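Please put together the full structure from these sequences, using the hints given.
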Amino acid sequence: MPSKPTHFLLPAVTGALFIALWHGLHLWLSEDLRFLLPTPGAVLGALRDNAAPLVRATLNTTEGALLGFGLAIAVSSLLALGLSLSALVRVSLYPYLMVLQMTPVIVVAPILVLWVGPGLKSVAVITFLICFFPLVVNTTQGLISTDRNLVELFAMWRASRLQQLFLLRVPAALPYFFTGLRIAATLAPIGALVGDYTAGSSAGDGGGLGFQTIIYSSQAQYPALFATAAVTCALGFVFVAVVLGLSWLALHRWHDSYERHDT
Amino acid sequence: MAPPPIVELRDVSKRFSAGPLVLDRLSFAAQPGEFLSLIGPSGCGKSTLLRLIAGLSPLSGGSLRVAGRTPDDAAADLAFVFQEPTLLPWITAGRNVELALQLRGIPAAERRATRRQVLDLVRLGDRADAYPRQLSGGQKMRVSLARALALIPKILLLDEPFGALDEMTREHLNEELLAIRAQQAWTAFFVTHSVAEAVFLSDRIVVLAPHPGRVHSVVPIDLPQPRTEETRLSRAYHGLVTDVSRLLRSVEHAAA
Ligand SMILES: Nc1ncnc2c1ncn2[C@@H]1O[C@H](COP(=O)(O)OP(=O)(O)OP(=O)(O)O)[C@@H](O)[C@H]1O
Ligand SMILES: [Mg+2]
Numbered sequence: 007m008p009s010k011p012t013h014f015l016l017p018a019v020t021g022a023l024f025i026a027l028w029h030g031l032h033l034w035l036s037e038d039l040r041f042l043l044p045t046p047g048a049v050l051g052a053l054r055d056n057a058a059p060l061v062r063a064t065l066n067t068t069e070g071a072l073l074g075f076g077l078a079i080a081v082s083s084l085l086a087l088g089l090s091l092s093a094l095v096r097v098s099l100y101p102y103l104m105v106l107q108m109t110p111v112i113v114v115a116p117i118l119v120l121w122v123g124p125g126l127k128s129v130a131v132i133t134f135l136i137c138f139f140p141l142v143v144n145t146t147q148g149l150i151s152t153d154r155n156l157v158e159l160f161a162m163w164r165a166s167r168l169q170q171l172f173l174l175r176v177p178a179a180l181p182y183f184f185t186g187l188r189i190a191a192t193l194a195p196i197g198a199l200v201g202d203y204t205a206g207s208s209a210g211d212g213g214g215l216g217f218q219t220i221i222y223s224s225q226a227q228y229p230a231l232f233a234t235a236a237v238t239c240a241l242g243f244v245f246v247a248v249v250l251g252l253s254w255l256a257l258h259r260w261h262d263s264y265e266r267h268d269t
Numbered sequence: 006m007a008p009p010p011i012v013e014l015r016d017v018s019k020r021f022s023a024g025p026l027v028l029d030r031l032s033f034a035a036q037p038g039e040f041l042s043l044i045g046p047s048g049c050g051k052s053t054l055l056r057l058i059a060g061l062s063p064l065s066g067g068s069l070r071v072a073g074r075t076p077d078d079a080a081a082d083l084a085f086v087f088q089e090p091t092l093l094p095w096i097t098a099g100r101n102v103e104l105a106l107q108l109r110g111i112p113a114a115e116r117r118a119t120r121r122q123v124l125d126l127v128r129l130g131d132r133a134d135a136y137p138r139q140l141s142g143g144q145k146m147r148v149s150l151a152r153a154l155a156l157i158p159k160i161l162l163l164d165e166p167f168g169a170l171d172e173m174t175r176e177h178l179n180e181e182l183l184a185i186r187a188q189q190a191w192t193a194f195f196v197t198h199s200v201a202e203a204v205f206l207s208d209r210i211v212v213l214a215p216h217p218g219r220v221h222s223v224v225p226i227d228l229p230q231p232r233t234e235e236t237r238l239s240r241a242y243h244g245l246v247t248d249v250s251r252l253l254r255s256v257e258h259a260a261a
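Chains as they are written, first to last, in my numbering: chain A, 7 to 269; chain B, 6 to 261.
Keep in mind the hints are simulated off the structure, nothing from the lab.
Since the model is a prediction, treat every value here as computed from it, not as a measurement.
Glycine included, C-beta positions come from ideal geometry on N, C-alpha and C.
A portion of the hints provided could be inaccurate.
Said to hold, decoys possible - Under 7 angstroms between C-beta atoms, here's a sample of chain B residues computed to sit facing chain A:
#1 61
#2 63
#3 95
Pasting the structure below:
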């Protein structure tokens with residue numbers, strides 16, 4: 007493992023190089039094409055000028071993403087518990103979980119709008135659909151991968167099914183659960199944005215980042231589009247950072263993935 | 006008059022569903038406090054036999070009495086130590102030792118006392134707060150042993166508990182095991198591949214023959230107690246190791 011200072015310094019250097027390259031590319035383009043790639047400064051300016059709508063849109067998208075993400079965690083955990091009980095149940099249901107995963111959200115969105123109406127509810131359901139699969143697959147895998155010898159020890163100790171579940175199977179599944187959670191955390195803001203783009207609504211509290219994207223592209227506000235992309239990206243980072251933090255809290259003391267390395 | 010045996014096997018047979026016979030009419034008995042080792046070629050059914058005694062797997066034939074009951078009813082008198090430490094990695098060594106007591110509903114204060122006592126027995130009194138991954142292989146095995154001892158079992162089942170450790174560590178743990186035995190009067194069924202280990206520890210060695218697993222011979226080990234490092238240097242010890250090794254080799258040859 008590299009030492010701490012390089013850990014922060016190296017990404018900072020690549021970041022600076024990237025921005026310089028971006029700016030250089032803008033200057034290299036002929037005048038009439040420069041609108042395709044606004045300068046980093048222009049994007050920053052758009053961010054400042056559109057602060058109010060972007061903040062509002064980000065809050066709305068975050069709300070949809072959190073609702074869908076939370077719902078996906080709750081439902082996938084319960085379903086994983088059910089799936090972990092029997093191989094027969096797993097075999098019967100897995101193909102349909104795959105179908106759920108394979109169905110493109112873009113196609114489902116108009117149907118959802120019909121069912122639950124446009125806006126927050128649709129956004130949350132679409133986020134749910136996108137986050138659900140990696141969560142349920144990983145958590146189920148974790149719940150059925152418990153060390154056989156430990157299961158037998160619990161049997162010899164006459165542990166009840168509930169004790170076996172909460173003292174053994176659930177903690178053993180945590181590393182798998184967090185793997186799924188990390189994947190889902192990167193998907194949640196994107197899911198909410200796509201949901202908002204396809205099934206969002208400007209009614210009430212105004213739209214989210216997807217709605218903002220539609221507006222900026224229809225008005226050819228390219229720097230603002232770049233700014234929207236940056237904000238979405240930042241939102242994704244926040245989701246992942248929170249999940250990484252929770253994962254660290256739950257696992258760092260005992261799990262090998264957090265083994266301290268000597269330097 | 007000899008006391009009644011604490012574990013008694015009569016014509017015990019085992020097959021897994023439609024598979025071949027794994028154990029064929031095993032009969033022998035263990036006296037209370039006796040240390041029995043089980044040796045035999047790989048696949049002859051040693052682990053299977055321990056699992057039958059532990060009540061983890063049903064018999065296919067014969068009868069098996071543990072402390073006068075069926076293995077299933079005797080669960081509270083039994084403790085099992087696997088080849089791997091098999092600890093819960095997400096709780097400390099101390100909590101691992103306490104877990105089975107907690108499941109039995111033993112109050113916290115009593116659990117603490119037992120935990121301190123058994124961790125001291127395996128000389129890990131100062132590592133109660135360490136997580137398993139912070140311990141060496143030998144230390145983890147000691148915790149696993151302490152966890153079994155905390156149950157104050159009448160019968161201790163050990164399936165190659167020190168098989169994965171280096172020779173020095175293994176010899177140390179063998180001596181510790183006998184020292185603990187002087188304080189806790191359990192009966193031991195000890196599976197091992199090491200003839201030297203079996204001779205050092207046992208009162209009797211049960212040699213199993215394979216395909217299907219059956220009792221080939223029972224060798225009494227009449228080395229003086231207590232057994233110490235000195236024991237390993239004695240002529241009698243070396244004679245027994247040679248004899249049992251030869252016996253084991255003949256069993257393996259007959260099988261090949
Ligand atoms: N759950 C099972 N289902 C089917 N066959 C099994 C099962 N467990 C063990 N066996 C078979 O029973 C036989 C004895 O296995 P066992 O593990 O008891 O041998 P062992 O003497 O402990 O061997 P080793 O010294 O290698 O540990 C083997 O042929 C094995 O394939
Ligand atoms: Mg075995």
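Which numbered hints turn out to be false for this structure?
Hint 2 contradicted; others consistent.
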